[in-house]
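S.K.: Listed below are the residues making up each chain.
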Amino acid sequence: MPRTSRSRRPLILLAVLCLGLAACDEAPLVADGAGLMSAEQKDRLALFHGFLLKDHDIDYRVVTGRDLGDINVFAAERFAALKIGQPGRSGRGLLLVIDAKADLVRLEVSSNLEGVYPDAFVAYVEHRQMVPFFGAGRIADGILATTELIVTRAQRAKANAGFDGEAWHGGSGGGGATAKAGIGAGVDPGFRKNGTGIAAGRTPGETLAQYFRAMARRNAAPDLDIYTPATQRMLRRWVVTPAQMDNLVRAYRRCGASETRFGPDGRRAVIRYGLKERQCAPFFFLRNADGWALDLTVMQNLIRFGRDNSWHFVARAANPYAFAFTDWRIDRRGYPRARKQR
Amino acid sequence: MSSEDRIRALENEGILSTDQARLLSESFESFEAAETRPEGTPWPRRAPYIAAAVAVGAVLAYLIFPWGGDPVSDGAIQDVTRSLNQPGGYGEMNKSVSGILGVLVLLIVPLIAWVWLHNNLVSKEERVFEAWAQTESNFQRRADLIPVLIETVSRYLRHETETLQAVTGKRSEGTAALGKAIDDLAAAQKATTELLKGKGPGLLDEDATLRDLLAAQTRVGSGISAIVAIAEQYPELRSSDQFLQLQAQLEGTENRINVARMRFNAAVKEYNGAIRRMPGSLVARAGNFRRKAYFQSDAEARRAPDFKIP
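Sequence lines, in order, name chains A and B. Residue 305 in this note's numbering is what sits at position 252 of the first sequence, and the numbering runs on without skipping anything. Residue 109 in this note's numbering is what sits at position 107 of the second sequence, and the numbering runs on without skipping anything.
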C-alpha cells in the first residue's frame, strides 16, 4: 500500500474533518421533538420529502415541539438556522412547524416559492387538508396528505412556467400561514352532510356524475346511496377532507373521454380513462337493487399512486375487475401499458 | 384591477366617501414616492477616499522624489563600499530599502485597514437600507390589501343589509361599524403618508419619525383588525374560502412586516455597533456614517394585530 506523503496528510485530515462536520450539520427532514409520530411514520415522511427534494429540489422539513414561543418568529428563525433550501441547491424550501402545546401549525415558505405556494394556498391546505387529519389524531397522515397537494402544485409549476425566482433569496421572508392545529379535537362533522339529492344512477356514468356532484358540494357523508355497503362502512372510519374533495373534482375535470366496460356477469362495471391519462384512475362499480354503486373498497385495496401521482395496480393482487383491462398489459410493478402490436 | 381602480370603484358605488377614497389613494402615492427616489438624490453619498487618496499620494511622492538629494549629482566618484554590506553590518542600499519598506508598512497597512473598515461600514449600511426597503415593500403589500378587504366585507354586508331590511326593516349594525373602521384606517394611512412625504433616506436617521411611523402602521393594523372583527360576526362570510384566503394574505403580510422589522433592527444594531466601536468610529466620523434609528415597537406595537380564525 503506498504511503501517504507527509505534506498531504494535513489536507486529508482536513477533508475528513470537513466531511464529518458536514454530516453532523445535516439536520433530519423530520425532527419530532414533541413525539407526535412513530419511528415508522417519521421514516415514511422523510422518504416522501426526500422524493420532493430529489424530483423538485424542494427542501421540505418538519419540526415539532412544545412551547416554542411565537410560532411565526420561531419558524422564520429556524428556517434561517437550518439553512433550508441552502445555496448550492435552488434555495427552494418549506418548513412545517407544529407546536403541540400551543396547538398551532405553521408552514413557512421560502421567498422563491411564494409564487407557487402563496399564503392563501398554504392556509387552504392547512385548514382544509391537514387540520381535519390532526383532529382525528393522525398527524403523519395529515402531513403526508398535504405533501400530496404540494407535489401536485410543484408538478403544475414545473409543467407551466417553471418555478419563479430561481436565485437564492436568503431563505424565508415570513411567507406562509399559521392555523390552529386542533390536534385530537375530532373530525369536523360539517362536511358529513346528508345524502339529499344524491342517489345511485341507472348507469355507472350516472352514479359517477352523482359522486362528482357530492364531492363538488364537499359532501363527505358515508351513507350515500352511491356507495356499496362495504364502501359505506369504510368511509365511516375515513377522514375525507374538503381539499381532497376539491382536488378530486379538479383532477377529473382535466381527464379526457372515459369508457364504460361491463363484467361478464353484468354485476360489475368499470369506468376507465385513456392510457395517457396517467393521473386519472379508473372507477369500479357494483350493481345492487337501487342501481350502480361505487366500490371504493376494492379501489382502495387495488389502486395506488406513484410519486408523480400516476396510478397503478397493487402488483400481483387478485382483481375482480380485471375483465376491464384485458386489452392492456399490466407490468410487473402494476402499471398499465399498451399491448404491443403483433 | 389595480388598488387605485378598486378604490375608485368603491367610491363610485358609495362604499367609500370622497374623503376616505382620497386618503387611501394618497397612501399609495406616498409608498411609490418613498420607493422611487428622484435621480440625483440617491442614498447618502460620501467622499470616502479623500483621506486615502492623500495618503497614497504621499507614499508615491516619497517613492518617486526621495528626500535628501542625489549623492552623485556633483560628479564625485561614488564610494560604492558605503552601499555594500560590510561584515557584521548593513550597507547604505539596504538601509534605504529598509526605510522605504518601513514607510510603506507605516502608511499602506493603515491605509488598507482604513479602506477595509470603510467598505465594511458601507456593506453594513447597505444591509440596513435593504432591510428597510423590504419593510417598506411589505407596508405597500398591506396597503394593496386594504381595498380588497373593504370590498369583500362591504359587499357581503350590503347583501346582508338588503336581506335584513326586507325581512325586519332594520339596518345592519355592521355597516355603521364598517364605516367607522374605514374612517380610522384612512386616518392612519394619512398619518403614514405625511410621515413618508418628502422623506428620503434621512428617514432612517430620525428616531422620532420612525417611532411615529410605527405607531401609524400599528393603527393601520388595528383598523384592519377592526374590519376583520366585523366580518367574523358573520359565520357564512367567516367560513367562506374567499375570506379565508384574504385572511391568510393579511396574516401573511403582517408576519412579513414583523420579520422584516426584526431583520431591519438586527441590521441597524450591527451597523450602529460598528460605527461606535474603535477604530470603526474614526472611519465613520470621517465618512459621515450616521447612526440609524431603530424601528422599535412601543407597548402598542408589541401587541401584533390578531386576524386568527377563532
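Mixed in with the good hints there might be a few duds.
Said to hold, decoys possible - Residues from chain A that face chain B, not an exhaustive set, calculated with beta carbons under 10 Å:
hint	residue
1	177
2	181
3	310
Treat the hints as calculated values from the structure; they're not laboratory data. Cβ coordinates follow ideal geometry from the N, Cα and C atoms, glycine included.
S.K.: Each hint needs a verdict: does it hold in this structure or not?
M.R.: Hints, verified against the model:
1. 177: It holds, given that the least Cβ distance between residue 177/A and chain B is near 7 Å, below 10 Å.
2. 181: holds, 8 Å
3. 310: violated, 30 Å
Comparing the model with each numbered hint stated earlier shows that hint 3 is the single one that does not hold.
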